[in-house]
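2 protein chains.
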Amino acid sequence: MTKTTAVHERPILTVDVALLALIDERLHVALAPRATAPFKGRLALPGGYVRVDEDADTEQTARRVLREKLGFEPAHLEQACTESGPARDPRGWSASVVYLALHAADALQPLADDGRISLHDVEALPALAFDHNRLIALAAQRLRAKSAYTSIVAHLLHDEFTIPQVQAAFEAVTGHRMNAANFRRKILETGALKETRIVPAAYRPAQAYRLAEPLTDFGQNLAR
Amino acid sequence: MTKTTAVHERPILTVDVALLALIDERLHVALAPRATAPFKGRLALPGGYVRVDEDADTEQTARRVLREKLGFEPAHLEQACTESGPARDPRGWSASVVYLALHAADALQPLADDGRISLHDVEALPALAFDHNRLIALAAQRLRAKSAYTSIVAHLLHDEFTIPQVQAAFEAVTGHRMNAANFRRKILETGALKETRIVPAAYRPAQAYRLAEPLTDFGQNLAR
Numbered sequence: 091m092t093k094t095t096a097v098h099e100r101p102i103l104t105v106d107v108a109l110l111a112l113i114d115e116r117l118h119v120a121l122a123p124r125a126t127a128p129f130k131g132r133l134a135l136p137g138g139y140v141r142v143d144e145d146a147d148t149e150q151t152a153r154r155v156l157r158e159k160l161g162f163e164p165a166h167l168e169q170a171c172t173e174s175g176p177a178r179d180p181r182g183w184s185a186s187v188v189y190l191a192l193h194a195a196d197a198l199q200p201l202a203d204d205g206r207i208s209l210h211d212v213e214a215l216p217a218l219a220f221d222h223n224r225l226i227a228l229a230a231q232r233l234r235a236k237s238a239y240t241s242i243v244a245h246l247l248h249d250e251f252t253i254p255q256v257q258a259a260f261e262a263v264t265g266h267r268m269n270a271a272n273f274r275r276k277i278l279e280t281g282a283l284k285e286t287r288i289v290p291a292a293y294r295p296a297q298a299y300r301l302a303e304p305l306t307d308f309g310q311n312l313a314r
Numbered sequence: 091m092t093k094t095t096a097v098h099e100r101p102i103l104t105v106d107v108a109l110l111a112l113i114d115e116r117l118h119v120a121l122a123p124r125a126t127a128p129f130k131g132r133l134a135l136p137g138g139y140v141r142v143d144e145d146a147d148t149e150q151t152a153r154r155v156l157r158e159k160l161g162f163e164p165a166h167l168e169q170a171c172t173e174s175g176p177a178r179d180p181r182g183w184s185a186s187v188v189y190l191a192l193h194a195a196d197a198l199q200p201l202a203d204d205g206r207i208s209l210h211d212v213e214a215l216p217a218l219a220f221d222h223n224r225l226i227a228l229a230a231q232r233l234r235a236k237s238a239y240t241s242i243v244a245h246l247l248h249d250e251f252t253i254p255q256v257q258a259a260f261e262a263v264t265g266h267r268m269n270a271a272n273f274r275r276k277i278l279e280t281g282a283l284k285e286t287r288i289v290p291a292a293y294r295p296a297q298a299y300r301l302a303e304p305l306t307d308f309g310q311n312l313a314r
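Line by line, the protein sequences give chains Y and W.
Take 91 as the starting number for the first sequence in our numbering and just add one per residue.
Take 91 as the starting number for the second sequence in our numbering and just add one per residue.
There's no promise every hint is true.
Which copy? The list can't say, so a pair holds if one copy fits it or any two copies do.
To be verified - Below are the DSSO-like pairs computed for lysine-lysine, each with C-alpha atoms no more than 30 Å apart in a straight line:
no., residue 1, residue 2
1, LYS130, LYS284
2, LYS159, LYS276
3, LYS159, LYS284
4, LYS236, LYS130
5, LYS236, LYS284
6, LYS276, LYS130
7, LYS159, LYS130
8, LYS276, LYS236
9, LYS159, LYS236
Just so you know, the hints here were simulated from the structure itself, not pulled from any lab data.
Extracted from the complex, chain Y is given alone in its bound form (with noise of 0.2 Å):
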């Protein structure tokens, strides 16, 4: 106990990155085995220490880790939530910044090709170090109930994509399904997208979209 002093023990502050992507329309999340103790060789989110000396905010931590560790830039990342306590890292009391990225599937394949990452189905998880699988269930979780009233799940699709598209992706990551007219009036309401160019196609012409910046926060509810 060290009550009586004025300097405690300062606990461990780490960022990990929830990187998720649409594969065959069910969520993925990119996991890599661990180089070092603890959890040596299990599977774990990429994420590493803040380091005083050079990350301007966690978020740039987060930036680095995707960076060093897989040489890669997401289309989008925001934070999620902290998570902590005396139990979820051996190595002593600690606080994981959660961090919620977001792209296209197929921008993902090299690195899965060249064993930088392996891809895994959200819903269907091995034991991972730390408590990273609760981690990507609250990732997770913040991307469901975020694409209700955003327009955040276009961040997986490819920069233009079309309105059916962005649906299958809202039905895939919610499991709601849609009236096609209801869900283009109501992501249109949003004002989030912007008209690039029309996509010819034999049947009938697609407009394409891109996302319009910034992301709208605090939009319509698409699954009403």
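With chain Y's structure known, arrange chain W on it following the hints.
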């Protein structure tokens, strides 16, 4: 630079609580002058270091801080975000896990009367200690965004309330005016309210409600 060593300097980890209440239909935040340097005498949010020998997680740090500093247990407490960086605390690189706490204003009045806190309109704050002006803005933004699709504003009322009272709190927090019949239908659709009793009144008796547990998090968009 310590790149070649395995052990890096650990950041400071603190918790700060933005305790919000509605007074005269405006959001107010509980502040107190800092007793010690840095920013001695400057108004600040209740907060403190994570204690690795006492706290089960950062939420317990938030509860301990409110208990020790204010002798107070809020009706609602949730994590809002984590702010971090080298410049926000002169003592070194720091991260603060920010909690949003909500309570009925009249229960905070005794704390204000005995000088433990003062209550300030969040839209008219002086320059506070650290980055606490920003932390309050982030917490209020979280409350406003969540008010659109949950019944979170009911935590600003007493345990028992009427639907017009919830609507008044919703309108005060979000700035959105709503048709009363629409609001009633949408808030009841969330399933978050339970009927308690009929409150007698001269003109028309009112149905009273309380919040069902747990709080519905993926609900209707009340603002539509």
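Hint check:
no. : hint            : result
1   : LYS130 - LYS284 : neither (46 Å within a copy, 50 Å between copies)
2   : LYS159 - LYS276 : neither (39 Å within a copy, 47 Å between copies)
3   : LYS159 - LYS284 : neither (34 Å within a copy, 50 Å between copies)
4   : LYS236 - LYS130 : neither (34 Å within a copy, 40 Å between copies)
5   : LYS236 - LYS284 : both (20 Å within a copy, 26 Å between copies)
6   : LYS276 - LYS130 : neither (47 Å within a copy, 50 Å between copies)
7   : LYS159 - LYS130 : within (16 Å within a copy, 42 Å between copies)
8   : LYS276 - LYS236 : both (15 Å within a copy, 19 Å between copies)
9   : LYS159 - LYS236 : within (28 Å within a copy, 35 Å between copies)
Of the numbered hints listed earlier, those contradicted by the structure are 1, 2, 3, 4 and 6.
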